[in-house]
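Residue numbers (the working numbering), protein chains in the order written: chain A, 147 to 233; chain B, 122 to 259.
I should point out that these hints are in silico values taken from the structure, not numbers from a laboratory. Note that this is a predicted model, so its numbers are computed, not measured. It cannot be assumed that every hint is accurate.
As the list claims (entries may be wrong) - Under the rule of at most 25 angstroms between Cα atoms (straight-line distance), these lysine-lysine pairs were calculated in the BS3-like manner:
(1) 193/A - 221/B
(2) 187/A - 219/B
(3) 214/A - 226/A
(4) 244/B - 193/A
(5) 226/A - 190/B
(6) 155/B - 148/A
(7) 199/B - 214/A
(8) 190/B - 170/A
(9) 193/A - 235/B
(10) 248/B - 193/A
(11) 192/B - 170/A
(12) 226/A - 214/B
(13) 210/B - 214/A
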Amino acid sequence: MKYLVIALLLCLIGCSTTVPVTAKFPEAPNTIQQQCPPLQKLKDDAKLSEVANTVTLNYSTYYECSVKVDGWIEWYQVQKQIFESVK
Amino acid sequence: MWILSFLPDWIFYAILALGFIAPVFARFLPPIYKPPVQIVSILMIVFGLFMAGAIHDNAAWVERVNEMKAKVAEAEAKGKEANVKVETKVVTKTQVIKQKAQIVRQYIDREITKYDSQCVIPKEFVKAHNDAAEVPEK
Chain A
147 MKYLVIALLL CLIGCSTTVP VTAKFPEAPN TIQQQCPPLQ KLKDDAKLSE VANTVTLNYS
207 TYYECSVKVD GWIEWYQVQK QIFESVK
Chain B
122 MWILSFLPDW IFYAILALGF IAPVFARFLP PIYKPPVQIV SILMIVFGLF MAGAIHDNAA
182 WVERVNEMKA KVAEAEAKGK EANVKVETKV VTKTQVIKQK AQIVRQYIDR EITKYDSQCV
242 IPKEFVKAHN DAAEVPEK
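Construct the entire structure; sequences and hints are all you get.
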């Protein structure tokens, strides 16, 4: 009986299998991690050229921000594809 | 399996072999020693066979782990490569947007400023613009 207990205990050793493979979460590029700035406002006594300049600046701010969002979308899709290929 | 990490594989094969050989030698021993030798040899065979299976299983796992490590390393390299592509694209497009804005601003400074004195911007227009430009609050 004593031997049987020892043999069973030794058999239980076989249950301790671990898989030491871990994948790091991918780092996103710094350029797309910057927050979008707020839009510019007009002064109360703004001139026509100031209005045009502010509108231009706001449009370019929007487009710069949309480029970052597009970058995030592309980054996510590529990383997802890479992640799914590891199986 | 931790026991395999500090004991060489041949020990378990030796235990298995000893388990098969021991009953043969037990024939030459006095009858009183035969039962204990047989019991021990059976235990050795059971343990040896189990460990032989475990060694085979462990080898398969090690191979799988190495395969996964290689795949993960390859994926990380691909991810970094993709990051460079995304970053380059974002930087290039941002530069184009800035250049275009610069051209428009130069045009404004050259052409629109002429009308600054002729055109009065109503306060209502300024308010509408600023309200639209304000970040919506929660």
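>> Output the indices of the hints that this structure fails to meet, ascending.
In response: none
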